[in-house]
Amino acid sequence: MSVPARFQSNDRWQQIKSKMGGWSLTTYGILAFAFLYLPILILVIFSFNDARSVSKWAGFTFDWYGKMFKDGQILLSIWNSLFLAIVSTIISTVLGTLAALGLERYRFRGKTAVDSMFYLPVIIPDIAMAIMLLLFFNMSGIGFTPWKVNFFGARLAVPYSVIIGHVAFNTSFVAIVVRARLAQMDRTLEEAASDLYANAWQTFRRVTLPMLMPGIVGGALLAFTLSLDDFVITFFTSGAGFNTLPVRVFGMIKKGVTPKINAVSTLMLAVSLTLVVISILLSRRSGDGDSVQMGF
Amino acid sequence: MQRKHLFALIAILLIATMALAACGGAKATEAPKPAEKPAATEAPQATEAPKEEAKPTEAPKEEGVKPADEIVVYNWSDYVDPEMYGMFTEQTGIKIGEDNFSSNEDLLAKLQGGATGYSVIVPSDYTVAIMIEEGMLAELDHDNIPNLKNLDPEFTKLYYDPGNKYCVPYLWGTTGIGYNTELLENPPKSWKGIFEAKEDDPWFGRMTLLDDVREVFSAALIYLGYDNNTQDEAQLEEAKNLLIKAKKGVSGYDNDNYEDLVGSGENLLAHGWNGDFLQAADEYENIDYYIPEEGGTIWIDNMCIPANVTPEQKLAAEMYINFVLDPKVGDMLGEYNYYATPNKASLEIADPEYKDNPLVFPPPEIRAKLHFIKPLGEFESVYQRLWDEVKSAQ
Amino acid sequence: MERLRRHPELQAWLILAIPVIFLLIFFMAPLLIVFVYSFLERGKYGGVEWVFTLDNIRRVFDPLYFKTFLRSFYIAIVTTLITLGLGYPLAYFIAKSPPNRRGALLFALMIPFWTNFLIRTYAWLTLLRTHTGLINVTLMNWGLLSKPLPLYGNDFAIILGLVYGWLPVMVLPIYAALERLDESLLEAARDLYASSGKAFWRVTWPLSLPGVVAGSMLVFIPSLGAFVTPAILGGGKSLMIGNIISNQFLGAHDWPFGSALSMVMMIAMLAATLIYFRWTKKSESSL
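Residue numbers (the working numbering), protein chains in the order written: chain F, 1 to 296; chain U, 1001 to 1394; chain E, 2001 to 2287.
Take these hints with a grain of salt, some might be off.
Result set (BS3-like, lysine-lysine): computed pairs, CA atoms no more than 30 angstroms apart in a straight line [said to hold, decoys possible]:
id, chain 1, residue 1, chain 2, residue 2
1, U, Lys1095, F, Lys70
2, U, Lys1248, E, Lys2281
3, U, Lys1328, U, Lys1344
Hints in this document: simulated from the structure, not taken from any laboratory.
Isolated chain F, as found in the complex (with noise of 0.2 angstroms):
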């Protein structure tokens, strides 16, 4: 950095601009959220409405989540959107960690090439990625017997083609995300811990994850999400029998948007605020507070 020696003092006023700047940032963070929300709002109105429709009020009702609750595919479906979320949000994140600091931190041959690959599944089409997949599970032979695992009590049967697709296209977002946060991380710190730990395992575990967290935690929350609404891959990937929300919502639509499908994703948006709220409060009992505060 070039620094023109420049200095200029007015600290009064300072205050008082850096002061307003605060109110209008929290003002403006305010409207964003409420930009963000609004159509959630509306989403959640009208899966009480008494009608078929999605957009003209005719009363109050809980109709709609009673014929949900009724649909016991519906539910399977979303422990199955949950449960694959969060399977191949795990995997991702490692893989998309990993080689977030191969590529960051290290020059080696062929390089760009690696770099490339890593860029690739966030460009390409997903139904052409997502015909492709099916066609190489064909040829392979892999994928489609499915993992049988109780989940909250729903037994599932995810097949492990499903997973794969998504880990496939999730890893590169989530290293995207974490190489921006390592991009800018100052490396001083690190450098002072491996002069007095000695260890390269315990700089990395005790210095660089906990200031990598934040990009960790933002890939993280991008692959689930990315995951939870995928329809394409999951569509083309699946074997019979396996459902998640979006391919039975993309089904449901060809009948027409009605209140029931509004009712599912509150359900959908209760059901991980609740998981949410769950895991935080877990976190806060068992106490991290010690050392590095870790993004939340």
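Based on these hints, arrange chains U and E on the given structure of chain F.
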């Protein structure tokens, strides 16, 4: 810089080749498979049969095949009366799972990619024609489907499958115009009003067309007096120009939400499928449906069995098809969906309100003006290209 | 261990081994199928005939598709710029809030997107419709409008939908870069420079640049390929590059041409991405 990118690309291709060599074993053993079926030269076809299903393509002729305990029906969403599956399980002990697809194209692409595990699929007429041609369907054993006799004879002579060798009609319907009766008293009786709408027509800018190449081109070709499956490029060019001109008066191309837009008064009329309008009419009571005087299209959805099922699954699937053809079940199915049943025996016991509804069962003079959309093979690329032109016109 | 330390290249490959092997098998191998298919003749209804041809590549350079590509490019650029403009202060707001609140804010940012994509888009439609949309109806009832505003079925609605959908994707990497920016550095900068604006442009912005670059890329690329949002909010009245590719695989049953379109688009985008990253890295280090 440039050279480096070139290097990167070459490197990627090299790596990819290596990776494929690594799974080369799998590929090499898979590749020769087309030879087993002399007719099929396409590679994806070769991959239909995974290991568990030894010789699935032939109909089970041997005695003593027991039906599978559980089958998966691959259907459109919400396309059965919810009670039907339970009834079937009660009668036969066979459990049914249902997966949904959202378009014939998705279904076809997925099966061509080699998806397995589905015992009954429900594609529409032209897709059945494609699947038969591509060898993707198993022949039905009519001995296992005695209820075939209930079928209206008309539905045993279909162009895509005369004699019901591969499929049994499930429900059928028409494509026409639905409109809002409160806001629009005189909808255009002819397609002219749609394709050549004037700015002072109340529906100008307040109507949607289907977002479907063949449906929209069929409507335009029928209006112009041509065959709706034409391969005459001059006629298609004329239809394309008509559609581009009509675009100004169209508020959107929509397959999923149009009936709600009409019912709520956002739009005054829409090009769409009859059952969708009738279901919405149940709710809004201000929707009516008709076929313009030049005619419209007809479609039939069918139950078929994919070629890659096991003999056990096939038997269970045939039992299910037989179950659907039961007079009472067929009636339940039709009345639930507001689509017409091809089951003659069902009509005898059906509610008059359903079987006498001219919107569900159009009278003969209108039936005569309904046309099938037929598959056109590679020529479909021409349609797609023209549709892309319509879509991208400003 | 000592040996590893002295050989960073070996270390790099050790770290990269698992993700690279995973992607080689489960991404590059399927991608190779796309590549091979681009040079084969179409099967009648999907699939391929094993006959070599360059026809598909030639067809990609159809002016109609080029025009569509330009249009998609324009929509994606505008979307990215607006998303950056809205997302940066939001990321800044989250990063500057008290540490114990940041986690909750991040989740609050993502939770709307844990509903279903289609349903969210239809909820926007409920707001934006011309004659029955909540916004127009409300404004007209209050007498603020005499004629409804054209809020849907046009580029405005498409861009609004895309900005909404990709805003969190922009915020996450910027937040990751901004979080725990060294406060002492900022203080020093404030002492040094006359205005906090200058301090921002000289210190904060360059440090957050990796996040801005990553976020812009993650928004730009999917916007370029978007087709469901244009279909629903744009009324399906315009064509995007994502539609064309999807239609080849599904509507026209022409897998090789779909593959060729995908390949060409990917190569163009990859080149652009690499150049973009190089360029931003360079401008970053020159600061």
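Violated hints, by number in ascending order, as checked against the structure: 2
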